[in-house]
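Sequences are here, hints too, so could you generate the full structure?
Those protein sequence lines, which keep their order, are chains A and B. In this text, residue positions in the first sequence follow our numbering: the first is -15, and each later residue adds one. In this text, residue positions in the second sequence follow our numbering: the first is -3, and each later residue adds one.
Calculated directly from the structure, the hints in this document are not laboratory data. For glycine and all other residues, C-beta sits at the position ideal for the given N, C-alpha and C. Honestly, I wouldn't trust all of these hints.
What the hints assert, rightly or not - Which residues of chain A face chain B? A partial, calculated answer using Cβ under 8 Å:
#	residue
1	Leu62
2	Ala140
3	Ser143
4	Gly147
5	Asp150
6	Pro158
What the hints assert, rightly or not - Ranges between beta-carbon positions, derived for each pair:
#	chain 1	residue 1	chain 2	residue 2	range
7	B	Arg128	A	Val51	39 to 47 Å
8	A	Ser227	B	Asn217	48 to 56 Å
9	B	Gly113	A	Val131	24 to 32 Å
10	B	Arg237	A	Arg232	54 to 62 Å
As the list claims (entries may be wrong) - Sample of chain A residues at the chain B side, in silico, Cβ under 7 Å:
#	residue
11	Asp(-13)
12	Ser132
13	Gly136
14	Leu144
15	Gly145
16	Ile155
Listed below, chain by chain, are the residues.
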Amino acid sequence: MVDIMMFLCVLAGATWLVADGTTKLGYNWQWYRVPQYIFTLEDGRFTAGPLLEGLKVTLEITAASFVLAFTVGLVTALCRLSGSVMARMVSRAYLELIRNTPLLVQLFFIYFVLSPIFDLSRFFSAVLALSLFEGAYASEIFRAGMVSMHRGQWEAAYSLGLGVWDTYRWIILPQAVRRVLPPLTSQAVSLVKDSALVSTIAVYDLTMRGQEIIAETYLAFELWFTIAAMYLTVTVALSFLVSLMEKRMRVAA
Amino acid sequence: MNDKVSGDYIITVDRVDKVYPNGVHALRDFSIQVRRKDVLVVIGPSGSGKSTFLRCLNGLEEIDGGSITVDGIPLDDRKENRLEIRKEVGMVFQSFNLFPHLTVLDNVNLAQILVRGKSRKEATETSMALLRKVGIPEKASAFPGHLSGGQQQRVAIARALAMMPKVMLFDEATSALDPEMIGEVLEVMKTLAAEGMTMVVVTHEMGFAREVSDWMVFMENGRIVEEGTAEKLFTNAEQARTREFLSQIL
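See below:
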């Protein structure tokens, strides 16, 4: 109860700050003009506005990148833990290169340098850049999960005659993935937010659509608030989904 | 089949040396043979190399010198041989090492399906028979985390037996258990011994050693100090060190 009161107080304070600030700026709020950019209802027919269309692209990019980043991360982590010197070196080089350069530079590099050579679409360039970037971080998360497994799990599996791959597949990975679900979620949330950068190579995602509308209407405050809320909805939903999943798996374990 | 090669002996350890990367010399010029259907009990102070010896027998540790042969298969650098030996040698650990994300039944089923290539149905039949044998068929669908230590260790024994091994290794299988649970695990081990399973047992349970062992080895500093029947070691040990150790522990 006290918590809720405190929350409401903070919320009221923040609202007042924004309202006061904008009054001093002399900003003329025109919220009524925003909904048409999200969706329109004509004769009961629902039509998605540019913002919703942008959100759809953002979700597509995020989903594709997530699957690819998960795969890249897993493979990189396995390479780093493998006995092969070559695999360890390549995966380490990839990891350090990606982690120590800005995502924006990687995005430009892929879009302006690689995509003409390999004839990559804009959408695919965006997905590739994001998955390589997030995959590097995901690989460290996976690796941490796998090395945190007790040695006895390996030994028990080996003593039963299981090979390395069977042990990874049936013993180590199922347990490691469960363990790293929370940091993996943070990474997925980062992915959603980082996807905004693809607007710089003119992929028509949520951010790009917003910029476009603002350029025409000058509704900067209203639209950025709306766009932030839309991102927030996606990331909160994602976190909620994962915590549900975590609960279900904990019962199983 | 392999009797011609290994004679009556199922395990032959010949002049084995094992040095850990940190410099600890765990086994020195260590030789021993184990007869089929015998129970070998290994005793000794901690750090004497008992566990290392056991872990070398199924290739969990690599040896630095000498040779080990199990059921006619030499344990060498060849991966196939190591896998082959692991199929024939079951191991029970001090810390159980059950797979916590799998049910009891799946723990016992897993290797039968993956390694022996059985169908799930066949595997389950074997597993349920083994769970009955160790006295906990009613826990088949439980997860290991919900079992007592004694129950977990009995599941671990069933899991190792599911591979139909020719040799069972027990690495201080009762040391992590509460006193009231030690008995139930020892009972299962006694039953196995009575059925003629070849066993190598590292233990501090001297009552068990006395009752079940066919041959006993007292180790210290990676060497065999003395070996013989339990009767001889307990009542008539030749070495002063053996007598001293046993008087401390009994």
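Results for each hint:
1. Leu62: violated, 19 Å
2. Ala140: holds, 4 Å
3. Ser143: Check passed: Cβ of Ser143 (chain A) comes within 4 Å of chain B, closer than 8 Å.
4. Gly147: holds, 7 Å
5. Asp150: holds, 5 Å
6. Pro158: Where the cut-off is 8 Å and the nearest Cβ of chain B is about 5 Å from Pro158 (chain A), the hint holds.
7. B:Arg128 - A:Val51: 39 to 47 Å: Hint holds: Cβ distance 45 Å, inside 39 to 47 Å.
8. A:Ser227 - B:Asn217: 48 to 56 Å: holds, 54 Å
9. B:Gly113 - A:Val131: 24 to 32 Å: holds, 31 Å
10. B:Arg237 - A:Arg232: 54 to 62 Å: The hinted range 54 to 62 Å holds for Arg237 (chain B) and Arg232 (chain A), with Cβ atoms some 57 Å apart.
11. Asp(-13): violated, 33 Å
12. Ser132: Violated, because the Cβ-Cβ distance from Ser132 (chain A) to chain B comes to roughly 13 Å (cut-off 7 Å).
13. Gly136: Holds, about 4 Å.
14. Leu144: holds, 4 Å
15. Gly145: Constraint on Gly145 (chain A) satisfied, holds at 4 Å.
16. Ile155: The hint holds - Ile155 (chain A) has a Cβ within 7 Å of chain B, the shortest such distance being about 6 Å.
Hint compliance for this structure: hints 1, 11 and 12 are broken, all remaining hints hold.
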